[in-house]
Amino acid sequence: MFKYMDYTSPSTQYTFDVNKKPLFVKDNQNYINVLGIDQMNTLDNVSLLDIFLSKNNVVEPHYHQNAAELVYCISGASVVSLLNPFTNQLLSYYITPGQVANIPQGWWHYEVATVDNTHLLAIFNAPTPQVILGSNILKFTPSNIMEYTYSMNENQWKQTTSSVKPNTYIGPS
Numbered sequence: 006m007f008k009y010m011d012y013t014s015p016s017t018q019y020t021f022d023v024n025k026k027p028l029f030v031k032d033n034q035n036y037i038n039v040l041g042i043d044q045m046n047t048l049d050n051v052s053l054l055d056i057f058l059s060k061n062n063v064v065e066p067h068y069h070q071n072a073a074e075l076v077y078c079i080s081g082a083s084v085v086s087l088l089n090p091f092t093n094q095l096l097s098y099y100i101t102p103g104q105v106a107n108i109p110q111g112w113w114h115y116e117v118a119t120v121d122n123t124h125l126l127a128i129f130n131a132p133t134p135q136v137i138l139g140s141n142i143l144k145f146t147p148s149n150i151m152e153y154t155y156s157m158n159e160n161q162w163k164q165t166t167s168s169v170k171p172n173t174y175i176g177p178s
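Note that our numbering has the sequence shown beginning at 6, numbered continuously upward.
The set of hints was computed from the structure by calculation and includes no laboratory data.
Do not rely on the hints blindly, as some may be mistaken.
Listed below are the simulated DSSO-like cross-link pairs for lysine-lysine, each with C-alpha atoms no more than 30 Å apart in a straight line [claimed, not checked]: (1) K60 to K26; (2) K163 to K144; (3) K144 to K31; (4) K170 to K60; (5) K144 to K60.
Simulated DEER-style distance windows between Cβ atoms [to be verified]: (6) N149 to T17: 50 to 56 Å; (7) Q164 to Y98: 32 to 38 Å; (8) D11 to T101: 41 to 47 Å; (9) L96 to K25: 32 to 38 Å; (10) N50 to T20: 17 to 23 Å; (11) L88 to T165: 17 to 23 Å; (12) N149 to P109: 29 to 35 Å; (13) Y153 to T13: 56 to 62 Å; (14) T119 to Q164: 28 to 34 Å; (15) D43 to F91: 30 to 36 Å; (16) S167 to I137: 20 to 26 Å; (17) V51 to S14: 15 to 21 Å; (18) T166 to Q110: 25 to 31 Å.
For each residue, glycine too, the CB sits at the ideal point set by N, CA and C.
Just need the whole structure built from these sequences, with the hints factored in.
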């Protein structure tokens, strides 16, 4: 994508403090900060999420319809899991500091911290990463559709998903 940027404009942004733009906060050890074109207008076709997790916390299953994602481990350790839509195989990769996992655009995936103080950097090839979250799919798909499609008991589905909160981002809730 090409966009015009007037690099002589006084509104041109060359720096930004990512710590000042939380996307989601579960608690003081589990949160995500965001940097995209809305925060720094010179970024063009790149954005990132700065992810902090304690042991056994998960960035909920989701996919990015507009971007691939490169997950870089800064500290701690994480398992990055993705569903290959061509083989229907669940792939899981254990990454530690200095290691990366690549998630192609549109692939269902999630990250689980395996130790405390895990710090991940998710880098996207889009100015703003769009996301479809598993919690939203579970919560907003009508229960009668789940019953009809999968022969599930509608009331059991409602009960099972009653505690799911939309936009969970980091679980367990």
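Structure-based check of each hint:
Restraint check for K60 and K26: the C-alpha separation of about 23 Å stays at or below 30 Å, so the hint holds. The hinted pair formed by K163 and K144 meets the criterion: a straight-line CA distance of about 9 Å does not exceed 30 Å. Simply put, K144 and K31 have alpha-carbon atoms about 19 Å apart, close enough for the 30 Å limit, and the pair holds. At most 30 Å may separate the alpha-carbon atoms for a hinted pair to count; K170 and K60 meet this at roughly 21 Å.
Between K144 and K60 the alpha-carbon distance is near 26 Å, which keeps this suggested pair within the 30 Å criterion. In this structure, N149 and T17 meet the distance hint of 50 to 56 Å, their C-beta atoms being roughly 52 Å apart. A C-beta distance of roughly 35 Å is found between Q164 and Y98, which places it inside the suggested range of 32 to 38 Å. Judged by the Cβ atoms, the range 41 to 47 Å given for D11 and T101 holds: they are separated by roughly 42 Å.
The hinted range of 32 to 38 Å is satisfied by L96 and K25, whose Cβ atoms lie roughly 35 Å apart. Here the CB-CB span from N50 to T20 is close to 19 Å, well matched to the stated 17 to 23 Å. About 21 Å separates the C-beta atoms of L88 and T165, a value consistent with the hinted range of 17 to 23 Å. Between N149 and P109, the C-beta spacing of about 33 Å keeps the proposed range 29 to 35 Å intact.
Roughly 59 Å separates the CB atoms of Y153 and T13, a value that falls within the hinted 56 to 62 Å. The hinted window of 28 to 34 Å between T119 and Q164 holds, with their beta carbons roughly 31 Å apart. A hinted range of 30 to 36 Å for the beta carbons of D43 and F91 is consistent with their spacing of about 33 Å. The hinted range of 20 to 26 Å is satisfied by S167 and I137, whose Cβ atoms lie roughly 21 Å apart.
Checked against the hint of 15 to 21 Å, the C-beta distance between V51 and S14 comes to roughly 20 Å, which is consistent with it. Separation of T166 from Q110 is about 28 Å and conforms to the stated range, judged on CB atoms against 25 to 31 Å.
Hint violations for this structure: none, all hints satisfied.
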